[in-house]
Every structure is written in C-alpha cells, then in structure tokens.
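Chain residues, written in single-letter form:
2 protein chains.
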Amino acid sequence: MKKSLLFSALLSVAVPSFATNSDGVDPIKSDPVLQGWMQGQPPAADKVIRKQDNSFYHFPQLRWSFAHWSELQPTSSIWQGTSLPSKLTVKINTKIKQLPFETMDGKSSLTVEKALVNTYTDSILVMHKGNVVFEDYYGVMTPQTRHIAWSVTKSVFGILAATLIQEGQLDPNAKVTQYIPELKNSGFADATVQQVLDMQTGVKFSENYADPKAEIWDYVKAGSLFPQPENYKGPQGFYNYAKTVTSAQKPGSVFNYQTVNADVAGWLIRRVTNQSVSKVLSERVWQKLGVERDAYISLDSEGNEFAGGGLNLTTRDMARFGEMIRLDGQYNGQTIIPKAAIDDIKQGGDKALFAKAGYQTLPGWSYRDLWWVSHDDHGVFAARGVHGQTIYIDPKAETVIVRFASQPVAANSKSDPVLLPMYRAITNYLM
Amino acid sequence: MKKSLLFSALLSVAVPSFATNSDGVDPIKSDPVLQGWMQGQPPAADKVIRKQDNSFYHFPQLRWSFAHWSELQPTSSIWQGTSLPSKLTVKINTKIKQLPFETMDGKSSLTVEKALVNTYTDSILVMHKGNVVFEDYYGVMTPQTRHIAWSVTKSVFGILAATLIQEGQLDPNAKVTQYIPELKNSGFADATVQQVLDMQTGVKFSENYADPKAEIWDYVKAGSLFPQPENYKGPQGFYNYAKTVTSAQKPGSVFNYQTVNADVAGWLIRRVTNQSVSKVLSERVWQKLGVERDAYISLDSEGNEFAGGGLNLTTRDMARFGEMIRLDGQYNGQTIIPKAAIDDIKQGGDKALFAKAGYQTLPGWSYRDLWWVSHDDHGVFAARGVHGQTIYIDPKAETVIVRFASQPVAANSKSDPVLLPMYRAITNYLM
Numbered sequence: 001m002k003k004s005l006l007f008s009a010l011l012s013v014a015v016p017s018f019a020t021n022s023d024g025v026d027p028i029k030s031d032p033v034l035q036g037w038m039q040g041q042p043p044a045a046d047k048v049i050r051k052q053d054n055s056f057y058h059f060p061q062l063r064w065s066f067a068h069w070s071e072l073q074p075t076s077s078i079w080q081g082t083s084l085p086s087k088l089t090v091k092i093n094t095k096i097k098q099l100p101f102e103t104m105d106g107k108s109s110l111t112v113e114k115a116l117v118n119t120y121t122d123s124i125l126v127m128h129k130g131n132v133v134f135e136d137y138y139g140v141m142t143p144q145t146r147h148i149a150w151s152v153t154k155s156v157f158g159i160l161a162a163t164l165i166q167e168g169q170l171d172p173n174a175k176v177t178q179y180i181p182e183l184k185n186s187g188f189a190d191a192t193v194q195q196v197l198d199m200q201t202g203v204k205f206s207e208n209y210a211d212p213k214a215e216i217w218d219y220v221k222a223g224s225l226f227p228q229p230e231n232y233k234g235p236q237g238f239y240n241y242a243k244t245v246t247s248a249q250k251p252g253s254v255f256n257y258q259t260v261n262a263d264v265a266g267w268l269i270r271r272v273t274n275q276s277v278s279k280v281l282s283e284r285v286w287q288k289l290g291v292e293r294d295a296y297i298s299l300d301s302e303g304n305e306f307a308g309g310g311l312n313l314t315t316r317d318m319a320r321f322g323e324m325i326r327l328d329g330q331y332n333g334q335t336i337i338p339k340a341a342i343d344d345i346k347q348g349g350d351k352a353l354f355a356k357a358g359y360q361t362l363p364g365w366s367y368r369d370l371w372w373v374s375h376d377d378h379g380v381f382a383a384r385g386v387h388g389q390t391i392y393i394d395p396k397a398e399t400v401i402v403r404f405a406s407q408p409v410a411a412n413s414k415s416d417p418v419l420l421p422m423y424r425a426i427t428n429y430l431m
Numbered sequence: 001m002k003k004s005l006l007f008s009a010l011l012s013v014a015v016p017s018f019a020t021n022s023d024g025v026d027p028i029k030s031d032p033v034l035q036g037w038m039q040g041q042p043p044a045a046d047k048v049i050r051k052q053d054n055s056f057y058h059f060p061q062l063r064w065s066f067a068h069w070s071e072l073q074p075t076s077s078i079w080q081g082t083s084l085p086s087k088l089t090v091k092i093n094t095k096i097k098q099l100p101f102e103t104m105d106g107k108s109s110l111t112v113e114k115a116l117v118n119t120y121t122d123s124i125l126v127m128h129k130g131n132v133v134f135e136d137y138y139g140v141m142t143p144q145t146r147h148i149a150w151s152v153t154k155s156v157f158g159i160l161a162a163t164l165i166q167e168g169q170l171d172p173n174a175k176v177t178q179y180i181p182e183l184k185n186s187g188f189a190d191a192t193v194q195q196v197l198d199m200q201t202g203v204k205f206s207e208n209y210a211d212p213k214a215e216i217w218d219y220v221k222a223g224s225l226f227p228q229p230e231n232y233k234g235p236q237g238f239y240n241y242a243k244t245v246t247s248a249q250k251p252g253s254v255f256n257y258q259t260v261n262a263d264v265a266g267w268l269i270r271r272v273t274n275q276s277v278s279k280v281l282s283e284r285v286w287q288k289l290g291v292e293r294d295a296y297i298s299l300d301s302e303g304n305e306f307a308g309g310g311l312n313l314t315t316r317d318m319a320r321f322g323e324m325i326r327l328d329g330q331y332n333g334q335t336i337i338p339k340a341a342i343d344d345i346k347q348g349g350d351k352a353l354f355a356k357a358g359y360q361t362l363p364g365w366s367y368r369d370l371w372w373v374s375h376d377d378h379g380v381f382a383a384r385g386v387h388g389q390t391i392y393i394d395p396k397a398e399t400v401i402v403r404f405a406s407q408p409v410a411a412n413s414k415s416d417p418v419l420l421p422m423y424r425a426i427t428n429y430l431m
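Listed in order, the protein sequences are those of chains A and B. Sequential numbering of the first sequence, starting at 1, is according to UniProt numbering. Sequential numbering of the second sequence, starting at 1, is according to UniProt numbering.
Treat the hints with care, as some may be off.
Copies of the same chain look alike in the list, so a pair counts if it fits in one copy or across any two.
Simulated crosslink set (DSSO-like; lysine-lysine; CA at most 27 Å straight-line) [to be verified]:
id : residue 1 : residue 2
1  : K47       : K184
2  : K346      : K184
3  : K129      : K91
4  : K47       : K279
5  : K47       : K243
6  : K346      : K221
7  : K87       : K243
8  : K233      : K47
9  : K243      : K184
10 : K91       : K351
11 : K288      : K87
12 : K95       : K129
13 : K221      : K51
14 : K204      : K221
15 : K279      : K339
16 : K204      : K175
Calculated from the structure, these hints are not laboratory results.
Working from the sequences, and respecting the hints, build out all of it.
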C-alpha cells in the first residue's frame with residue numbers, strides 16, 4: 001500500500017492535539033463538501049475518489065469515502081424488513097452544544113460544538129431516557145447516510161455471539177476448532193471461543209497502524225479492502241488469512257486487540273447458525289429494531305462479510321441499536337437480545353491483562369465479547385471503531401451517544417483525550 | 001475477457017431452441033440453489049463466485065450473480081424514502097401457469113409453467129388491471145431479492161430523459177454537445193439528444209456479443225464491470241470511453257442498438273439536473289411509487305452510474321414501475337411521470353431504420369426513448385435487457401408482465417420465440 005497522509009499523521013503525532021488542531025490537517029478545510037470530492041456531473045478529474053489507487057483511504061478523501069462505502073466496495077445488505085421505523089421522540093436540548101468541558105490533561109477547555117468540529121465528527125446523536133436530545137450532521141452526512149462503523153462492527157457481532165452462547169448454541173469454553181476445524185493448523189488451534197471474543201487468543205497479528213509491516217495491512221489486502229497488488233500471492237479472503245495466522249503467546253495469557261479475532265467470531269456465528277452474518281443480524285436485530293434503512297457490510301473477494309469492521313448504517317439506526325443494548329435488549333416492544341448476554345459484557349473482561357496492553361486513554365478498562373468496558377462509576381461500556389466511531393452507553397445517566405467520524409488518524413487514542421471527557425460532560429449534564 | 005461458456009453458447013446457437021432445451025445447458029440442473037453456488041459458511045472453494053476471475057459472468061454461475069450484484073461490484077443506492085410500500089392487491093389466477101401456447105415458429109406447444117423453466121426464469125409477476133394475478137420465484141430469487149435489470153435500466157432512464165424533455169429542461173433537437181461539450185471531438189459531435197435516446201447516433205460501437213472484438217467488451221472493461229487486465233491502458237469509466245467513440249454513420253441515418261448511447265443519456269440527465277441519476281430516480285420515481293426496497297445501480301471506477309444496464313431492483317418494484325407507465329404516469333395517488341412523455345414512447349421510433357437492423361423476432365417494431373415499441377394491435381411496448389429481463393406493457397389488455405432471468409445467452413432473440421408468444425397468450429387469456 002502506498003504510504004498516505006494518514007500514516008504520516010500517525011507517525012508524526014506523539015501527543016493528542018485535537019484540542020488545538022496543531023496536527024496541520026484542518027478539520028474545517030477538510031470538509032468533503034467544501035473540498036468538492038465527487039461533486040459535479042461527473043466530478044472533475046482531480047476530485048474523483050477511487051478504490052484502485054487507494055485514494056479512498058487517503059486523508060482528506062476518506063471524509064467522503066466513509067459515507068459512501070458501497071460505492072467503492074462489494075457489499076451485502078442487512079435487510080430492514082417490512083415494518084415502519086420505530087418512532088424516535090426528538091426533544092433537542094440546545095444547551096448541549098454549548099456545554100464546556102476540560103480535555104483529559106486538564107490543559108484545554110472546549111465546548112461540545114467546538115470539540116465535535118475539531119475531532120472531524122461526521123454525525124452525532126445523543127439519546128437520554130429514550131429521547132433524542134442532540135443530533136447533528138456534518139460534511140456529506142445526512143440522516144439517511146450509512147457510514148462505515150469500522151470496529152463498532154465487532155461489538156454488533158459480539159453481542160450476537162454472546163446471544164448464541166446464552167442460547168447454548170455456542171460453548172464459550174469449547175475450542176474454536178470444535179466449530180471451525182479449518183483452523184486446527186493455525187494459531188487459533190488452542191484458543192477457546194471466549195478467548196476469541198475477548199481478544200485473548202495470543203495469535204501473531206499486529207494492529208499497530210503506524211507500522212507498515214503490521215499484519216493488519218496484509219489482512220485488509222487479503223480481504224480486498226485495499227486493492228491487491230498485481231503480483232499478490234497472499235491468502236485470498238479473511239478466512240484463508242486466518243488459517244495462516246501463527247501463535248505468539250499462550251491463549252488466555254494476553255489481551256491483544258486483533259481484528260482477525262472478530263472475523264473468526266463472525267465465522268463462528270455463521271458456522272453455528274448456518275447463515276451469513278448479514279442474515280443473522282437482519283433476522284435477529286435489524287427487522288425487530290424498526291430501523292430506517294437496511295444496513296450493509298463490506299465483503300472480501302470470496303463473499304465473506306467483514307465482521308471485523310465492515311458494517312455501514314445510519315446514525316439513527318446505530319442509536320436505536322445502542323438504546324436497545326442500554327435497555328437490556330428490550331426495544332420496539334420486544335426482546336431482541338437476552339439480558340444475560342448484555343450482562344456478560346457489562347461484567348467486563350480481564351482488567352489486569354487489559355492494563356498490560358498500555359491503552360493510556362483507557363485506564364482501568366477491560367474488553368469483553370468484543371466490547372470495551374470502562375468499569376467507571378457510571379458503568380460505561382462502548383463499541384469503538386478506528387477514526388472515531390463509537391456507541392457510548394452510560395447506564396447510570398440513561399444515555400446513549402453514537403458518533404461517526406473521519407479523523408485523519410486511525411487510532412482512537414488520538415481523540416479520546418477530547419471525546420471521553422466530552423461524553424462524560426454530556427452525561428453529567430443530563431443526569 | 002476470458003472466453004466463457006456464454007460465448008460458446010452464443011457462437012454455437014443458430015436456431016432458437018428453448019422450446020426443447022437442445023442447447024445442452026439444462027435449465028433445471030443449472031438452478032443456483034441446486035448447484036450450491038455460494039452456499040455454506042463459507043462456501044466450498046469450488047462453489048465460490050468471484051469478480052476477479054470473471055467467474056461471476058460464466059454460466060451457470062451468473063444464475064447466482066444476477067441476484068447478488070452488489071456483492072460483486074461497487075453500487076449506489078436509489079433510496080426508497082420513508083413511506084410504506086404501496087399496497088399490491090394479490091388475486092392469483094392459478095390457471096395462468098397451465099396456459100398452453102405455440103412458439104413463434106408454430107412448431108412447439110408449451111405451457112407457461114414449462115416455458116418459464118425452459119427460459120431460465122428467475123422471477124415473473126403479471127399485473128392485470130392493477131391486481132397481481134401471477135407471481136413466481138425460482139432459484140435464489142425471493143420477493144426481497146434485487147436482480148440486475150440489464151438494459152431495462154435504459155428504459156427507466158429513457159422515461160426520465162423524456163420527462164425532462166417535456167419539462168423543457170432538455171431540448172430533443174439540440175446537439176448533445178450543447179450539454180456535454182466534452183463529447184465535441186467524439187462520434188457524438190453531430191448527434192442530437194433525441195438521436196441518442198433513439199439509438200440513431202451512428203457511432204462506431206458493436207454490441208454483437210458473439211464477437212469478442214466488439215466494442216461492448218471494451219466498454220464493460222472501461223466501466224470496470226469486468227476486471228481490467230493488469231496492463232489496461234484504455235479509457236477509465238463509461239464517460240471517458242464515450243469521448244473516444246468515433247463516428248461510423250451519419251446521425252439519424254441508422255438505428256444501431258449501442259449501450260454507450262444510454263450512458264450518454266444518463267450523462268445528459270445528470271448534466272441538466274446537476275444530480276446523480278440515482279438521486280433523480282429516487283426523488284422523481286422511487287420515493288413516490290411506494291416501493292418495497294431501495295433499488296441500487298452498478299458504478300464504474302470513477303463513481304459514474306451504469307445507466308446503460310446497471311439497475312438492480314425487486315420484481316414487485318419493477319411491476320409497480322411498469323404499472324405506473326401503463327397508467328400514463330399515475331400511481332400511488334399521484335402523477336409521477338407526465339403522460340406526454342409516455343405518449344412520446346408509445347408513438348414509437350423510425351420503423352424503417354429499425355427494420356434494417358434485422359431483428360428477426362421483432363418484425364414491425366421500433367425503438368424510441370430507450371424503449372422497444374411493437375406497433376401491434378395491443379399497442380405493446382417494452383423494456384428489454386440481455387439474458388431475458390423485461391417489462392412488457394400491454395395497454396389494450398391492461399396488463400404488465402415483468403420478468404427477471406438468467407438465460408445462458410445474452411441476446412434476447414434466443415428466448416423471444418418462446419417468450420413473446422407466451423406473453424401474448426397470457427394477455428389474450430386475461431382480456
């Protein structure tokens with residue numbers, strides 16, 4: 001893959017700087033509408049965004065791409081069903097925009113409005129006690145636009161895996177290979193289902209986006225998210241890649257955030273349900289939530305869904321999903337997810353193993369069933385995707401915050417110092 | 001492009017033979033569910049269908065591909081809007097399946113049921129006086145499945161172009177270059193808007209699917225429908241290809257069915273509306289019809305919609321569209337298309353020029369505004385797409401027949417000898 005601005009930004013940034021925009025990539029000037037990407041009938045040659053030259057993943061082009069994923073990649077629909085969308089009661093609180101808060105280091109003071117712009121927000125929606133109290137769209141985003149959720153996808157399928165565990169269809173203590181014998185010669189051979197869901201398989205797979213030799217870049221090439229080079233000889237598709245992964249550490253001895261685990265989780269869901277993950281998600285969740293639009297998911301060249309990060313959905317539908325999780329699985333007049341599956345997430349994962357992974361912006365957190373768990377005094381837990389995507393659930397404040405973004409840097413450690421205090425300021429205010 | 005079974009079939013077939021299936025490609029055995037294409041979690045290696053090796057367009061794989069286009073190609077949605085689907089009254093007439101009829105040559109007798117199987121039907125829906133009287137799905141098709149419509153797409157955008165003409169936004173007698181100066185050095189330089197819509201531009205572009213050197217194969221490569229070879233140096237995208245087309249005959253002197261004309265029509269629609277054709281179709285038609293699902297359309301690598309053949313939609317939504325055309329543009333309680341635009345199609349195009357093109361199964365027909373017009377005693381006119389797609393409108397019988405198919409041969413002259421008499425048998429019976 002070509003070295004992009006993204007990598008340059010990653011490599012050059014040591015200290016979070018969204019508070020002051022000192023990273024030299026202006027969040028206002030990078031607005032994709034202002035920049036004119038893919039505008040015009042047809043767009044001017046220098047305003048075209050393509051998959052084949054990787055320009056879709058360069059910054060600032062990705063500010064357009066993240067909201068137009070199906071226009072660049074093969075995708076499969078998650079059908080919404082035939083019923084009308086569930087009603088969202090909108091009671092906008094205009095004061096939220098002006099709420100002041102201090103960044104994590106205590107050195108800067110910002111308003112919510114300013115922070116949202118500074119962190120390259122594409123959309124945000126805050127639900128409090130089931131009412132929409134704040135909702136905003138930026139750049140090319142509209143309420144109808146489906147935005148890529150990146151690793152928020154993991155959490156959506158994590159809750160489905162946890163559900164299958166509660167139903168007894170999936171044994172958390174069984175070896176992965178009991179369901180997927182194809183992995184018996186891989187680094188997954190000794191890992192359990194639960195270790196896959198908790199990112200404790202110990203396989204050799206670096207997700208350090210700043211390292212061009214990290215396995216994550218081979219992985220997205222295998223999955224055809226990035227074009228394969230002409231002489232590409234590597235594994236074809238996510239599952240064939242997973243078969244080649246080796247073991248680095250003993251399963252259960254380490255927390256290591258690795259996207260390949262989430263695709264193995266997707267594979268497990270498919271194997272035990274004998275359905276595509278799109279169909280499982282449609283039948284169990286999407287058709288019941290009363291969503292406004294089909295979601296869709298990115299596919300590899302073999303038609304396998306990218307359960308590790310390929311889900312695209314609207315802001316409001318992500319809010320419905322988050323609110324359903326906050327309400328212990330009850331939504332739109334029915335039980336969608338069993339409470340026990342959500343409780344299993346809320347209890348969290350191994351805090352000691354998590355601490356060793358060195359997430360400086362997430363002290364005291366853990367990881368369970370493909371969700372991030374804060375263990376804070378509000379019981380916050382979250383789905384988190386690169387470039388700033390999130391479903392932030394605060395049970396104590398009865399609040400769900402969902403957000404799509406296209407920050408230039410993949411790692412969320414870059415925006416956490418602004419966003420985590422901002423989310424807390426909002427929930428504190430609403431309580 | 002690799003030579004496929006499809007080409008072999010094309011080259012070997014001189015006489016239509018669907019009546020007896022003597023073409024050696026069994027329509028029952030080629031059922032994609034029976035064959036197991038893309039089934040399994042994941043599918044077995046020899047059951048995977050890919051874009052990159054062109055297997056998606058080989059027969060019998062295309063019987064799966066035509067119903068899963070977004071899983072192979074980049075696509076853009078045609079949003080259905082927020083309202084509920086318009087109600088379809090279903091009054092199935094079980095006798096239709098057993099209707100007997102004779103093939104065009106009078107040599108074979110078939111029932112509708114048998115003919116539908118023999119011609120590789122994927123779905124069929126017959127509306128009579130607004131009621132669904134016959135509806136059936138085969139292979140991988142369901143009422144929710146969106147199937148590629150191929151050149152039925154042209155007619156959908158043809159009616160939009162005719163609408164813009166009625167509204168005075170597009171001058172049928174103006175040169176194409178008045179709207180698209182980019183074509184001034186191409187074979188379109190002297191052609192008018194109406195000549196584009198009537199396939200009378202006289203540009204050099206062969207659509208003979210049996211000729212591997214026909215321009216249509218360069219065109220689909222330029223549009224990235226088929227993978228571009230590693231050393232591809234040709235034009236990138238449909239519009240850049242159109243710029244390179246030269247003139248073969250004087251505009252207006254010839255009817256020559258050429259897909260590039262339809263994409264120039266799409267370009268015209270985009271230019272005068274300053275919107276994507278997806279958005280025009282969504283706002284003017286899809287959001288008003290009360291469809292059941294978003295449609296979607298295939299894109300080239302520059303994000304241009306394939307107005308020449310890339311629309312994918314459900315069977316029922318295609319029926320709604322056809323019924324709206326039959327009802328002079330009135331549907332779901334509103335005017336969707338002006339009657340004058342539909343009248344312009346019904347009057348037909350130049351029959352003498354059409355006759356010279358040698359369509360043996362379409363004697364006395366003509367072509368107007370990207371629609372096929374029979375000039376028969378029922379006033380039949382139709383949208384027609386390769387491999388058997390159609391919207392067949394019989395005003396006198398107050399009947400609309402829509403059909404998706406995946407016959408092994410692209411050219412509809414192969415199945416017309418069975419299907420055109422079958423459609424007439426159905427409408428005669430319903431009258």
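Okay, the hints, checked on the actual structure:
no., hint, in the structure
1, K47 with K184, "between (47 Å within a copy, 22 Å between copies)"
2, K346 with K184, "neither (31 Å within a copy, 65 Å between copies)"
3, K129 with K91, "within (11 Å within a copy, 46 Å between copies)"
4, K47 with K279, "between (36 Å within a copy, 19 Å between copies)"
5, K47 with K243, "between (39 Å within a copy, 19 Å between copies)"
6, K346 with K221, "neither (34 Å within a copy, 51 Å between copies)"
7, K87 with K243, "neither (44 Å within a copy, 49 Å between copies)"
8, K233 with K47, "between (32 Å within a copy, 21 Å between copies)"
9, K243 with K184, "within (8 Å within a copy, 55 Å between copies)"
10, K91 with K351, "neither (38 Å within a copy, 62 Å between copies)"
11, K288 with K87, "both (13 Å within a copy, 22 Å between copies)"
12, K95 with K129, "within (17 Å within a copy, 56 Å between copies)"
13, K221 with K51, "both (12 Å within a copy, 16 Å between copies)"
14, K204 with K221, "within (17 Å within a copy, 39 Å between copies)"
15, K279 with K339, "within (22 Å within a copy, 41 Å between copies)"
16, K204 with K175, "within (18 Å within a copy, 63 Å between copies)"
In terms of the numbered hints stated before, the structure departs from hints 2, 6, 7 and 10, listed from lowest to highest.
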